[in-house]
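Could you build all of it, start to finish, from the sequences and the hints given here?
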Amino acid sequence: MEKSPNQITDDLLRPLLQTSPRFFMAVALLGALVVAAFGAFFYQAYSGIGVSGLRWPVFWGFYITNFVFWIGISHAGTLISAILRLANATWRRPVTRCAEVITVFALSIGALFPVIHLGRPWLAFWLIPYPSERTIWPNFRSPLVWDFFAINTYLIGSVAFLTLPIIPDWATVRDKADGWRKRIYTILALGWRGTPKQWHRLESAMHIMAIAIIPVAVSVHSIVSWDFAMANVPMWHSTIFAPYFVAGAIFSGIAGLIIAMAFLRKFLHLEDYLRPIHFENLGKLLLMMSLLWFYFVFSERLTTWYGNEPSEMAVFWSTQSGAYAPLFWTMVFCNFLLPFPILAIKKLRTITGTVIASLGVVVGMWLERFLIIVPSLARKYLPYSWGSYSPTWVEITITVGTFAGMALLYLLFSKAVPIISIWEFKLGQHKKAEAAPVVEAKPVVAEQG
Amino acid sequence: MERRDFLKISAVTGATAALDGCGKPDVQLIRFIPEEELTPGVAVWKPSICTMCPAGCGLMVRVMEGDAEVVRNGTLGLMKMGLAKKLEGNPHHPVNRGKLCPRGQAGIQVTYHPDRIKNPLKRAGPRGSGGFQEIGWEEALEELTAKLTQLRSSGQESGLAFMTKPLRGQRRELIERLLRAFGAPPPVVFEPFDEAVLRHANLLSFGRPQLPTFDLARSNYVISFGADFLGAWNSPVAQNLAYGEMRQGRPGQRGKFVMVEPRMSQTGANADEWIPTRPGTEGVLALGLAHVIINEKLRPPDAAGHAGSLIDGWSKGLIEYTPAVVEKQTGVPAATITRIARELAEHEPAVAIVGGAPLAQTNGLASALAVNALNALLGSVAKAGGIIFSPPSTPGKDVTTVVREPRAGFESLHHTLARQKSGEASAFQVLLLYECNPLFATPPGWSVKEALQRIPFIASFGSFVDETSALADLILPDHSPLESWLDDEAESGTPHGVNSLAAPAMRPLHNTRPMPDVLLDVASRLGGSVAAALPFKTFEEMLRGAFEHFLKGKGGKPVMDPDTFWKEVQEQGGLWSDTEISFHGLGGIDHAPVQPGEPGFDGAPEEFPFHFHPFPSASFYDGSTAHLPWLQEMPDPLSTAMWSSWVEINPKTAERLGIQQGDQVEVASQHGKLQAPALISPGIAPDVVAMPAGQGHENFTRYASGRGANPISILAPMIVPETGSLAWAATRVRITRLGEGKLVLFAGGLREQIHEHKHR
Amino acid sequence: METRPKHKWGMIVDLDRCTGCEACVVACHAENNIATVGEEEAAKGRAKHWMRVERYYEGEFPDVKVKFVPVFCQQCDAAPCEPVCPTYASYHTEEGLNGQVYNRCIGTRYCANACPYTVRFFNFFNPIWEKPFHLQLNPDVSVREVGVMEKCTFCVQRIKAAEIQAQAEKRDLKDGEFQTACAQACPAKALVFGDLNDPESEVSRLTASNRGTKLLEDLGTLPSVTYLQRDSWHDGKKS
Ligand SMILES: Nc1nc2c(c(=O)[nH]1)N[C@H]1C(S)=C(S)[C@@H](COP(=O)(O)OP(=O)(O)OC[C@H]3O[C@@H](n4cnc5c(=O)[nH]c(N)nc54)[C@H](O)[C@@H]3O)O[C@H]1N2
Ligand SMILES: Nc1nc2c(c(=O)[nH]1)N[C@H]1C(S)=C(S)[C@@H](COP(=O)(O)OP(=O)(O)OC[C@H]3O[C@@H](n4cnc5c(=O)[nH]c(N)nc54)[C@H](O)[C@@H]3O)O[C@H]1N2
Ligand code: SF4
Ligand code: SF4
Ligand code: SF4
Ligand code: SF4
Ligand code: SF4
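Protein chains in written order, with this note's numbering: chain A, 810 to 1258; chain B, 87 to 846; chain C, 8 to 246.
Treat the hints with care, as some may be off.
As the list claims (entries may be wrong) - No more than 25 angstroms apart at the CA atoms, straight line, and that leaves these computed lysine to any residue pairs for SDA-like:
hint, chain 1, residue 1, chain 2, residue 2
1, A, LYS1224, A, ARG1084
2, C, LYS181, B, TRP131
3, C, LYS51, B, LEU824
These are computed hints drawn from the structure, not numbers from a lab.
In structure tokens:
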């Protein structure tokens, strides 16, 4: 049942070389939603951020929720594929690229929100320490400025991490394609000839990147968490936030990846490449993260409740049994009660199973971000100043637009780049051929160890 | 496009840009030569007088140079002029000593209000349709003069009525002289929360038909029966000042404050002890306290003197007012009554205050007399730390004439209405309206609208179109107070005799004229006796004349040069004695002894289970300040509501009726119904619902029109018999939930807290 | 190196004097060009009251007690709103005030979240003054455009004016020579403004009162405002 190298190449290049009408319909639909989102943003920038649901005292809402959420999703790719690379888990080979792409796009989308939510977005550039004639610099004590640097570093890193291993594949496309495609891919391939020297350079570059990217990724979500933890706001000002956020990020990231893979598998007919085993293994990772997430939430809630600090209890109760309880318990269901059994029971850990669990986690993690931000602001110290928040169509349109945007970018990317790394996949096949014929699963388990 | 057109356009835009910098002006305006010398950027302070309520606080107006669009002899243009920027209290003024209340602070918005009437208006279309057309002053004055001449020639002089807010000083003098000379009846003075009852009571008890002044700063114990003296009653700023001193002005000594009222007012919210009573039984409680004091020999009954003799059974020690009996009537525990009585007696000087709702009951006068007697018994009348009366501010004249006749107010209104109803012959032909809005502030039962409709010609001097002036045939817009010559004689709030005076703080913005000058003009046009009675070219001249006789020393010869004197009076903002004038041996007027008895209420308890308790709002007073955005957006001190009206309901009552915070409820009396959102408040008796007055204007500028509901519109036409005042607290209502409503609150606090508690 | 500033501005709020009249609230609007937002916006929680009088109920009918607490920027010495501001729009002045440079503000609203007293207000839309209300605007106070944060400044324009005047006349500022708009209006004299570096000033005297507390003191924000708690009835003659 092994495929010949040529067949593999054909399979994986098919999406690039031929396009179905379904593709155009999808692009049109998603594109429309994205345009609507941009429209909503410009409307807001023109008439004032008052068209959103933001108010005194809840000054942050959907926008910052989306910011944290998307930055979280971005942790899927680079982090996962880097870890798997270093752990040298061969089963990762078909997975890494779809993962790394998620990072780049989710990050770009997430990075838009700090700008979207500004009262004067046209001045966002003041966060950049450029030599202005007023010689005014940003305030380096502000976590928002840390965000700026962390996110940009991560973005540059992930783009490099994504593109390096694409070069050989682009070369492959160059060799297969003709006409305008050939010319474009010739440029993209950067004169790759596949000489041993080039291969060696690529390998070591990838290795360095894999090591370097991990602390960057961790730092990014730690800093995002400090946007909150640094402010003395009830239930924000917490030491647990950095690891809590990073774990949550990876959690939602993996979920995002599983969903993306399921789509690719179905629509690009990659059944033979993205196999149940990949979902099974990612499912196990997801299970672990679900447990970790529950552990974090539990310890956070327990200490708050036990500490019984009045201002914190006001927030605590509003989420446990008050106005925000329905959202809170939905979150617990989506992030734990739903995925745990599905992923724990081997029989359920199928492709459908893991996808259902992942959908739950994505919803749950979005709610988690919302529940971290809004209830605390709505119940800050002096009860007289308590308030509530609900979004307007503007925030909703923009939020929906970003999900559409993610899908759209992904779709277009899979048109331009082999979504599964051809050479890495072949390498995997090759390695297996050398080793004694074994059942697919074994080496995976072994290599994971 | 043609090159020439292009040039034209660029020329225009160029001119526009040149004219007014970056901002595009809607019209191109000419520049007027400044009328005054001002250093740009340098503020000058000019004294003035607050006219936002009758307290008469002194102002200092901060004036700075700026560019304003103004109208000068008919044309609109730009002028560099002194503009009022901020109002502060006049630090030397004996009433408010440099302080102001929120309404006083907001007073400046009257001058700059976008809906001020900017030109004389003539009615266009049917009366009350609100259709007006702008006319010139000459035409306006001619028309008014013509109407008056007509009256005189047809011998119907008594067909002229002048309806006004309470007036003091030379404005009042001018109007009264005009009417006298013309042969018309005295002015009809209209004041929504009329104080005639208290003035009348004080006349009977102490011989002073005026509002009292309280020397709280030196009191050790203050008990208020319904008087919102820290909010909008009597002289709030003076009373806040004194209250602050009573609390923390004397090291090692802090007075106690007890409040008696069925609905917690802003004042009540500050009390050390808050005692709800059944509405209308405040007088009974006062007598209950007196009973204990007399019974326990803490004071002899005759200590109360004349004030005591006005109470039935006083000399016999008020035997039928034992704590037990009083508890039954008032709902106040007997033990509390006894304790408070002892505290009152033991903590001289102790003072009792009465005002507001208790006096707006059918037994209001008796309640006032009861509290007066209690004060007399405590020996706190005309004493430091007690109740005093501001001295007459105009030498020679006696207080009684300086202060409005106590029975004026509603009496004269009823008289007017009666005349209107009693057929054409005696009906009024011409009505002049000044700064009062009876259509908004009288119960429908009095059918004031119908009465006014029947008057063939109505002219208003108002600066704004409101419910009443909408009926006018002619509107001759007055200057704003800051643009006018003002004078005033504070009725209360100070032990000093005060004559406030203010020159205009700024030049007029619009094509308006001061009401007094208009009257003088009309008088001279009328000629004859009227002109003779008012031989002044301007109101300024009249004012100066009036102040001149303060100059006369003993021998009648001036004590200083008139010009310097006149200048100094203006700089100080008026004249006042720097020594406190204290009264001794206050007189009183004989009157058959009274008893509070049972107050009468409109509506059967079975059908209308709730007492309806309207109250002057901290922001809108009686509704006359509802057009100012600062006051609309100022959170109500207790409800924190903004831009709206609301119905206060006790939590238990609300729970029983299934009413939630913010639900729309209907409040219905026998005389009408209204809708407003519910406000669940712990500070109100279960059988009482309260509503702020001042909202619910049909027609009062863009900020107040069609906003909230007007509690007066469902009041029963109950009156206090002795004075004819509206008994505005004597209506019973029922409430029903209609559904979801909208309540605009500033604080999330109250509601959220209740919510959170549920979950603990 | 660091020289002690000449002045340290502070305020007293005497809760035993405060009657909840809200003259301070309107005075602040009048002095500081604070635009009203109208019913619709007010309902959405966009009203701007640099000075607010918080009202708290205790107990149930008939034993109800109310506490009025005027709350405004506490001008914290360790102001949580300052380090979080990415553009230094919220910064610390040498006289210990929390300055707000509207031109620098890009509208992240981070400072408002960080402020434990929730006294920062945001311009969700451009302010509107229906003509001719604009003629009342105080030329000493800049008006704020859409998207910027604003809050109580301790009437810094009055402070500066007085300091410059005293400088010109080569003399020291006298205690009570000028006041903030709210303190000047306050009819119960519950608000006292002055220089805490002047041991003779009334504000210094009152700050030492045994009734003195700070709002949310345990958060360590080191406010410049001292609240004098409500007192109990003690009659000089009694005891
Ligand atoms: N919040 C904030 N504050 C700022 C700034 C900011 O951008 N934002 N900018 C800062 C800067 S750069 C500056 S330069 C200052 C400017 O601040 P100011 O120096 O106060 O400048 P203005 O307020 O424009 O003008 C001051 C006064 O000068 C008056 N004036 C106009 N012409 C004359 C004249 O011929 N003679 C006299 N005697 N007076 C005249 C004006 O009426 C005005 O009242 O503000 C500083 N303060
Ligand atoms: N209408 C009007 N015009 C004036 C004056 C006035 O009072 N009113 N004053 C005059 C005077 S005295 C002066 S000094 C000038 C001032 O003229 P400008 O300096 O142009 O005016 P500002 O608004 O003070 O500042 C200009 C821009 O700098 C932005 N800014 C703030 N921080 C930063 C930063 O870190 N980086 C960048 N790139 N931009 C930043 C502000 O938001 C503003 O949009 O205006 C002059 N013209
Ligand atoms: S009490 Fe207030 S409204 Fe009345 S005169 Fe004084 S300041 Fe004006
Ligand atoms: S009170 Fe709030 S705004 Fe004012 S300085 Fe403190 S933290 Fe900053
Ligand atoms: S809102 Fe303005 S002042 Fe506040 S943190 Fe953001 S930039 Fe700074
Ligand atoms: S100090 Fe000035 S800015 Fe601050 S609240 Fe008082 S009046 Fe407003
Ligand atoms: S003005 Fe003074 S008394 Fe009135 S609310 Fe403000 S602080 Fe309290």
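Hint check:
1. A/LYS1224 <-> A/ARG1084: With a Cα-Cα distance of about 21 angstroms, the restraint between A/LYS1224 and A/ARG1084 holds, given a limit of 25 angstroms.
2. C/LYS181 <-> B/TRP131: Between C/LYS181 and B/TRP131 the Cα gap is close to 20 angstroms, so the pair holds against 25 angstroms.
3. C/LYS51 <-> B/LEU824: Answer holds: C/LYS51 to B/LEU824 is near 23 angstroms, not above 25 angstroms.
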